[in-house]
Structures are given as structure tokens and as C-alpha cells.
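Engineer: Note that the numbering used here has the sequence shown beginning at 6, numbered continuously upward.
One thing to keep in mind: the hints can contain errors.
Claimed, not checked - Cβ-Cβ distance ranges computed for the label pairs, FRET-style: (1) Leu152 / Ile182: 18 to 24 Å; (2) Lys28 / His214: 28 to 34 Å; (3) Lys84 / Lys250: 47 to 53 Å; (4) Lys250 / Ile137: 27 to 33 Å; (5) Leu115 / Asp61: 38 to 44 Å.
Unchecked claim - No farther apart than 27 Å at their CA atoms in a straight line, the calculated lysine-lysine pairs in the DSS-like style are these: (6) Lys278 / Lys260; (7) Lys37 / Lys209; (8) Lys58 / Lys39; (9) Lys261 / Lys278; (10) Lys206 / Lys39; (11) Lys202 / Lys251.
Read the hints as simulated data drawn from the structure, not as lab findings.
Positions of the beta carbon are idealized from the N, C-alpha and C atoms, including for glycine.
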Amino acid sequence: MNYFIFTDIDGTLLDYKDYSIGKLKSYINKLKKKNSIIFNTSKTFEEILTINKRLDLNFPFIVENGACIFFPSGYLEEKFFNQKNFFKYKNFICYKLSKLKLDSLNKMILEFKSKYNFTFYTELSEKKISSITNLKINDVKNSKQRLFSNPIYWNDSKLKLDKFKKDVKLLNKNLKIIDGGRFIHIVGNYDKALALKQFLKIVKPFIDHKFLTISLGDSENDICMIESTDYGCIIKREKNKLSLKKTNNIFYSKKKAPDGWQESLDHVIYMEKKNF
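Given these sequences and hints, build the entire structure.
Structural biologist: What follows is the structure in C-alpha cells.
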């Protein structure tokens, strides 16, 4: 059986605190021979390019919480470039789910600064982001090259955060507010699950073999993705319990990332072979 493995990165594939990959590189090298590893993350295009180079991967990937799917050169036929919602960016053919332009989104949220204390991600200094995330400065620079969204760093109370979320929804019912690990993401009418489904819709006509889907995540913004695949895996993280509606084919790792990533996939693959 072949698998499409949709995975979050921070706290799922990489250690939540120091972003280490542990001993996963050799495991990934084995997986990628027969399976596709599709990053589905809040990270930016530039961040994914760096991680792909680090892990020697060249699969499609989904950025900024489902805003856009990037297909590397040769993965899709060039004819897709002229179809609706597709565009070309560098050496990639891309499918955009985000309907709002980044400038327009920023302007909408900007008006709330008089009522609430928060800072746009791109307004934060590189040093501040590094202190919050523990990212190295070069990685911080990549994370600030945002194409579709601009997360916010919340400096106000929990009570005001609840009010802020309600105000955002009143402003535009198509906006979604997603709690990430360290930042709050305000996005258009898309998410990781919608991007995953759109990806499968695009690639299915070109697949001539049976496959199953697996998803792995650790945060609230991963729930919709985890509930949208044949198997879903929740990677252990301290003080972060996720509540899912789906109960079948859900695995909770006992180990944290990165070891929990391999633990989860080993379990799913073993169960699938056992049931075959």
C-alpha cells in the first residue's frame, strides 16, 4: 500500500522547542521511495524550501494554514497554469485557496488595534520572533516572507481574545481565527483540510494505484486535517490536549516530536498490514 502523508511540521515532525529532526532523516529516506510526504503547515514558502533541502525532499506542499498548494516543476503538466486559481511562482505551479489579498486582510484587522493589544507577525523584530520561537535569525527571515497571511502575537488578556474573535467574525463571516502553537492565525475561508482535499482532487486523475491518506499534527489548527484522512495521528505535546469528533483510526503518540512522528507512522503502517 502507498500513502499520502500529510504532516504539520513544528511539534509534529520537528521538536517543538529546538526544531531538531532527531534520527528521522534515514526513516524519511525509506518512506519517500514509495510514499508522498506532503507538508501541510502554517510555515511559509521560503521556510519549506529550506526544510526540503535539509531533508532532500521534492514533494508538493501546502503553506500558511491551507492558503496555497505548491507543486514542484514536473509534478503537474504546464496546462494547469492557465486554469482557474492556478498560477506560476518561481519553478512551481501553484493552486491558491486564499481569496483575500494580504494587504486587504491586514487593513481589516488593523482597525482592531485601538481596542486590543496585539502585534502583526511582520511587525515583530527578528530578535523578538527568535525569542518567542527559538528560531535562528535566518529562519526568522524566511518566516517573515509571507505571501497570504500575517499572524498576530497576542499581548492582551484571554477574555479580550474571546471578544476579539467575535469582532473579527462580525467584521467578515468568511474569516477564520485559528490558534496556532505560538501565534493566532486569521485567514480567509480555507484551512488545512480544504487544501488537503483540493490537493487530492487535483492529483487523483494521475494516480494509477491504490493509496491511503495519513495526517499528523499537534495543534488546534491541525484538527480539521487529522479528521479528513483515512488515518489521523496526534503527536504528544505538553499541556496541549486536542478534542476530536472523529474517533476511528485515530492514534495518539506516546512520544513527542520528532520520535512521535515515526512512532505514529509505524503504528498506522503496522495496523494497515495487519488488517489487509
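Engineer: Hints first: check each against the structure and report whether it holds.
Structural biologist: Results for each hint:
In this structure, Leu152 and Ile182 meet the distance hint of 18 to 24 Å, their C-beta atoms being roughly 20 Å apart. About 29 Å separates the C-beta atoms of Lys28 and His214, a value consistent with the hinted range of 28 to 34 Å. Evaluation of the 47 to 53 Å hint for Lys84 and Lys250 yields a failure: the beta carbon distance comes to about 39 Å. Under the hint 27 to 33 Å, the C-beta atoms of Lys250 and Ile137, about 31 Å apart, fit the expected range.
Checked against the hint of 38 to 44 Å, the C-beta distance between Leu115 and Asp61 comes to roughly 41 Å, which is consistent with it. For the proposed pair Lys278 and Lys260, the alpha carbon gap of about 22 Å is at most 27 Å, so the pair holds. The straight-line distance between the Cα atoms of Lys37 and Lys209 is roughly 18 Å, inside the 27 Å bound, and the hint therefore holds. With a C-alpha separation of about 19 Å, the suggested pairing of Lys58 with Lys39 holds against the 27 Å cut-off.
As the CA atoms of Lys261 and Lys278 are separated by approximately 25 Å, the hinted pair is consistent with the 27 Å bound. For a cut-off of 27 Å, the pair hint linking Lys206 to Lys39 stands: about 20 Å separates their Cα positions. At most 27 Å may separate the alpha-carbon atoms for a hinted pair to count; Lys202 and Lys251 meet this at roughly 17 Å.
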